[in-house]
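**Q** Listed here are the chains, written in short residue letters.
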Amino acid sequence: MLKTISISTRLFIFTGLLLLFAAGIGFFALRNIETGNIAMSSVYNRHVIPMNELHSLNHLLRTGIIRPVDQLLLAQITLSQCQARVSQAIGQINSHWQKLHDLHVAGSHASESDWLNSTKSLAIMSQHTLERLVVILRTQKTIHLSSFKAKFLDPLASQYSEITALLIKQHLSGIAKAYNTSQNRYKQDRSYFIWSLLLGLLLTGIISVLLVRSINKPLGQISRAMDSLMIGDLSGTLIYDHDDEFGTIIKSFNKMVTNLNELISTVESSGIQVTSSITEIAASTRQQEATVNEHAAASNEIAASTTEIAATAENLMDTMSKVTDMVHNTTMATSLSHNRLNNINKIMRKMEDSTVSIVNRLSVLNEKADNIVVVTKTINKIADQTNLLSLNAAIEAEKAGEYGAGFSVVSSEIRRLADQTAVATFDIEQMVNDVRSAIAGGVASIEKFADNVRRSFSDVQISSNQISEVINQVEALSPPIETVNNGIEAQSMGARQINEAVGQLNEAAQQIAGAVGQSSSIITRLSSATQALRESVSQFKLHKNKT
Amino acid sequence: MLLILFKIGRERYALASHHIVEIAPYLLPEKLVAQPNFVPGVINYRGAKVPVIDLGAMLANKPCRPRLSTRIILINYANLAAKLSSRVIGLLVEEVNESVQVNNPDALHTAKAGAEATGGKQYINADLVGQKMLQLFEPNKFLPASMLGNLTP
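Just so you know, the sequences run in chain order A and B. Count along the first sequence from 1, then add 428; that gives the number in the numbering used here. Count along the second sequence from 1, then add 1; that gives the number in the numbering used here.
One thing to keep in mind: the hints can contain errors.
Said to hold, decoys possible - What follows is a list of derived Cβ distance ranges for each label pair:
id	chain 1	residue 1	chain 2	residue 2	range
1	A	775	B	64	53 to 61 Å
2	B	64	A	858	22 to 30 Å
3	A	890	B	64	56 to 64 Å
4	A	835	B	37	33 to 41 Å
5	B	38	A	817	30 to 38 Å
6	B	38	A	835	34 to 42 Å
7	B	64	A	817	21 to 29 Å
8	A	852	B	37	34 to 42 Å
9	B	37	A	817	28 to 36 Å
10	A	858	B	102	25 to 33 Å
Quick caveat, the hints were computed from the structure, so don't treat them as lab data. Source: prediction; values computed, not measured. Even glycine gets a Cβ: it sits at the ideal position worked out from N, Cα and C.
Given only the sequences and the hints, what does the whole structure look like? Please build it.
**A** Next up, the structure:
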């Protein structure tokens, strides 16, 4: 029966019992307090208030009546003053008596009527006495006053004191009786309270222990299962036969464990798949990275090449502009040189004429030299014959002996002269020969020069013609140069555009490379994460039929 | 004593003037048949036919070049072996320009005495002719009769 009651119901019942117990005890205590209170109020009404009233009456009689009378008798106050004070005190005494009477009427009790009866006669007597006093005072019979006081007022006062003392004694005994009664009741109630409290605590403890045990047992079971779940043991299921909240929790737990089993085996297989996929992705990323790097390198090369092309094109443009200038200059220069060539032509004509005249003169010179040679030859012959003659003369002189000695000297002198002549003529001959060879060389070189001049003349003619042609061609060259210049400019612009495009491409490639690097790092992280996942998953111990 | 100087080939010679009749200029000789190559021919000397011997061709195997200084020395040639008491022949030699007067003829004899040591060649004392190496030309020695025997007059 207990198995089917749910935990909440059990807790409700337990809490209700506890509340009922507390309410019972509270009610009991409240009732006791009320009883005590009632006893207290009855004591107050029946004993304390009458005692107070009696004490007040006694006091009023002494201070309000007897003292003014005494003072009047001693002539300390006037009669009218005494009259006023007495009448006031009488009113007060009457009101006190009335109050006592009312109290008696309110709390009429059989046993308490005794003391009131005894006071009733005192009341009547005091009223009577006081009425007489009033009459005496009104009639101003002060002579009777001292006797009246001695005869009535003093006994009245003593009677008041007696009765008051008696009544206080009676009331004190009543109060003591009421105290004892209430004390007994308190002790009895206290023992009842303590016993019921102890019983209640005992019951509560037992029920609590039972209740806690019934909660604790399945909780411990779940906790142990959770602990084993925490270290990855998914092999066990919980058994709990109660049909309460814990039953539901444990059923859910078992279901969760089953689901976890399935999930983890799925995760495991997925992890393996993910790992293989990541490996493939990493490989392809690496490939991609390499491709991107290659691409970046290639684009860098292209960029460099295009930069070179642009630079070359710019250079070419500069060169072309220079060429244009140069063509212009060349045109000027060629026309100038054409003029100069014409001048040269004229000069050469003159030179040719001059050389002809020089050659003529040289040939004249040659003839003269020939004449000189003839002369020298003649001289030479003469010298030779003189020499021969002198020799023969010397021989003849020798033959003549002493007679021919002088002639021998003459002959030797003649021979010497002849020799000197011969030497001189030889020298002349040599010189003439030199002159002739020089003339011959001069003629030859002049002829060669003339020949050169003639050839140069024809060359100059040809050059002149060629220069004319060149001038024409150079003049015709300018338009194509313009075209080439435009083409080069277009090429330069194109190269620059290509360069920009390649730069953008390169940037994109670098971004891709960065992205690839990022994805590579992500993949690495993913891989390590998967590895960690697989490791964590492998920590789980699964059902045997599942694994 | 007067010596006439000349040159045969490369060697210099001196000929004593007493052998010489006259020095004639180089005239082209008239050729003769059946004569050795050192005999260019004959010349006319004062109406007489005088055979000319080219000493260059004969002694130095080098015919004399036709120069102004190449001259024909006419000598009185006397050779017993050829039965010639005296006759004139022409010697064609080169560089016939100078003469040397030797005052001491005995010096030549001392030179002759030392000639045996120089292989038959007779050199004149150098001191006599001013530093030139000269060989004394003796016509009888240089021109054997056998050589001249066939010369027609």
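**Q** So, for every hint listed, does it hold in this structure?
**A** Structure-based check of each hint:
1. Evaluation of the 53 to 61 Å hint for residue 775 of chain A and residue 64 of chain B yields a pass: the beta carbon distance comes to about 59 Å.
2. One distance hint, 22 to 30 Å for the beta-carbon pair residue 64 of chain B and residue 858 of chain A, holds here, with the actual separation near 27 Å.
3. Roughly 60 Å separates the CB atoms of residue 890 of chain A and residue 64 of chain B, a value that falls within the hinted 56 to 64 Å.
4. Judged by the Cβ atoms, the range 33 to 41 Å given for residue 835 of chain A and residue 37 of chain B holds: they are separated by roughly 39 Å.
5. Take residue 38 of chain B and residue 817 of chain A: their Cβ atoms lie about 32 Å apart, and the range 30 to 38 Å holds.
6. The given range of 34 to 42 Å is respected by residue 38 of chain B and residue 835 of chain A, whose C-beta atoms sit roughly 40 Å from each other.
7. Look at residue 64 of chain B against residue 817 of chain A: about 26 Å separates their beta carbons, and that is inside 21 to 29 Å.
8. A hinted range of 34 to 42 Å for the beta carbons of residue 852 of chain A and residue 37 of chain B is consistent with their spacing of about 41 Å.
9. In this structure the hint that residue 37 of chain B and residue 817 of chain A lie 28 to 36 Å apart at CB holds, the actual value being about 32 Å.
10. Taking 25 to 33 Å as the suggested C-beta distance range, the pair residue 858 of chain A and residue 102 of chain B conforms, at roughly 31 Å.
The structure agrees with every numbered hint stated previously.
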